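Q: Each chain is listed here by its residues.
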Amino acid sequence: MGASTATPRTPWQLFWREFKKSPVALMGAGILALLYLSAIFADFLAPYGMSKQDLDFSYHPPTPVHCFEGGRFVGPYVRPTEVVDVGRNKYGVSNAPRSPIRFFVVGKEEPWKVFGLVPTTVRLMHVDPPAHLYLFGSDKFGRDVFSRLLYGSRVSLTIGLLGILISFSIGMIVGGLSGYLGGGFDMVTMRFTELILSIPALYLILALRASFPMNLPSDRMYLIIVLILAFIGWATLARIVRGMVLSIREFEYVTAARALGAGTMRILVRHILPNTASVLIVAATIAVPGYILGEVTLSFLGIGIQEPQASWGNMLTDAQSVRVLKSFPWMLVPGLFIFITVLAYNFLGDGLSDALNPRKVLGGKS
Amino acid sequence: MATPVLEVRDLKTYFYTDDGAVKAVDGVSFEVGAGETLGIVGESGCGKSVTSLSILRLIASPPGKIVGGEIRFEGVNLLDLPDAAMRKIRGNEISMIFQEPMTSLNPVYTCGDQIMEAVILHQKVGKKEARQRAIEMLRLVGIPSPEQRVDEYPHQLSGGMRQRVMIAMALSCHPRVLIADEPTTALDVTIQAQILDLLNRLQAELGMSILLITHDLGVVAETCDRVAVMYAGQIVEYANVDEIFHHPRMPYTAGLLGSIPVLGEHHERLKVIPGNVPNPSEFPSGCKFHPRCPVAIDRCKSENPELLEIRPGHMARCLRAGEVEAGTLDLARAFAGTGEVAS
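Just so you know, the protein sequences line up as chains E and L, in that order. Here the first sequence is numbered in numbering that gives the first Met the number 0, starting from 0 and rising by one per residue. Here the second sequence is numbered in numbering that gives the first Met the number 0, starting from 0 and rising by one per residue.
Read the hints as simulated data drawn from the structure, not as lab findings. Because the structure is a prediction, the values reported are computed rather than measured. Glycine residues also receive a C-beta, built at the ideal position from the N, C-alpha and C atoms. Please note: incorrect hints may appear among the correct ones.
Some but not every residue of chain E turned toward chain L, in silico, with C-beta under 7 Å [unchecked claim]: (1) Gly48; (2) Lys51; (3) Asp53; (4) Pro96; (5) His270; (6) Asn274.
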């Protein structure tokens, strides 16, 4: 193939051909696609609003969903429950009639806006009171864990992407200039990255967090967390970029570009940095979980995203106590989702690094 | 000779290393006339590539620095130009092609993108027009079905094709001077001949001057009008191509010529000039070639000869060039002797 094929493959086609060979990577990509889609459509998918609480039903276990009654298919329904033991959060099935799960219900829960534009109240699932649809149980305030998980994913999943985007940009610029210009600039910036890298990340995060006011609105908090994480994360990327630039700038095509009359910035942006892309995409993919975990850590410690805004981190705050863990194990569900997300990112990163590996023989094994 | 388009006077390019200044190019002078091809010949490490990079001011600095001399392009000293003006010269007035066709094209762009780059950098043309120019250039350098090749990536082309693309890039703005740094070294012999033919043809069509850097005397014989032989950072012989090949007046040139295998003649081993090019940080005293020279005399160890005109249009840097000219010293025979001793 190659020169003889009538229509040459584009780099994307080549990439896809390699990428789809790895089932694990495809699985990672699929899981992430599902997670991000459900974050986007959280309002629709969640049966309840983010902060809708029912204090009489705190720590309610996951509601079983039934389909049959007396051997006859009656469609999905739940049984209403009532409090049996208030002190120990014990619930039992009440005598009230079964409550079918209704789909595409309008006008029952708090309104939301499709893509922030069109107001609507439609939600995927709904059960009429007194029954509750707690797919993953409820928390201390009787809020639906499943719904909060969806709303929380908006914070937790996007913080990683936004953080990597910022540190990616800083890392590219700083690392690129540092590697290409060398000399004093390189010296100063690299010592600075070493300074950042030499301080244990958690202490640095805490120290930076301490320099902002304690109680901030969620949106500001979100921005501050992104900035803190990006500030710590860019150093690693900058060093990767610098190392690559150091080797790429010696290639003859860089000299050739200079011989054609290209200036410094043009050479850096057009000729050197695109050649770091394959490595950087992989590095960034593998780095995203770090940012997600960073947000989770801060929120878990109670200095990140504040209630009532949900985040996977602050949903775990309750699970700090052994008593809660022992009696209400569903409080750990956000942890499971963090685990799945991190794993999916790593699978995706591995697949990308195989598919983008330039040393891999085309069509063969590496 | 025609009026020189490019004139290099006493060029000195030094590299400042921990071991002190390395005089990679030390007082090199030559000129290239309009439509002429000048060859610069020498072994690896003699400073020929540094010379060519110096002309476009592409020497990495630090550690390299052009410490002296003049490079006059159409009368303007390039060493006095500000960077922005120099960038307008590069690729537009003076272009360069490189040795390695495998690494001198950027793998992430199509051939067309790379040819268009020079056009867009130097001429106020739109993308469409630049693309048209790229296709024209590809046709000019003899690439079949250029409309299709223009969208292909370098890895889809063979070495010879890539070198053609490189030439198309370099010539896309119709420069006055093309510097070709070992343009055929990495190619196999049949492709070499094609590329040299192409350069000769384009030179005739576009009327440009070529500065051809090579270590291959066969390439020189085929393409050059005049030749400068470099050794250890200096020009040691400078004459037109017939003079160099038929009447070398410097022992080094004679040695180079003697080491070309002759078709049909049987040798146990190829003839070589004994020894290596000296390390630039520790050049010998006197004539830099004397440790390897079969006809060296005591004076060569202490006295560095000047580049002198031995006969009209023929300069040589050797204390004994006069004797060779007079016919009392036969360089070819002297090398034949050492060649056998060395083997």
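Q: The structure should be examined with respect to each hint, and the outcome stated for every one.
A: Going through the hints against the structure:
The criterion of a C-beta within 7 Å of any C-beta in chain L is not met by Gly48 of chain E, whose closest approach is roughly 48 Å, and the hint is violated. At about 51 Å, the closest approach between the beta carbon of Lys51 of chain E and any beta carbon in chain L exceeds 7 Å, and the interface hint on this residue is violated. The interface hint given for Asp53 of chain E is broken, as the beta carbon of that residue sits about 57 Å from the closest beta carbon of chain L, more than 7 Å. The beta carbon of Pro96 of chain E is not positioned within 7 Å of any beta carbon in chain L (closest approach about 66 Å), and the interface hint is therefore violated.
With its C-beta approaching chain L no nearer than about 6 Å, His270 of chain E sits inside the 7 Å limit, and its interface hint holds. Taking 7 Å as the C-beta contact cut-off toward chain L, the hint placing Asn274 of chain E at the interface holds, the least distance being around 6 Å.
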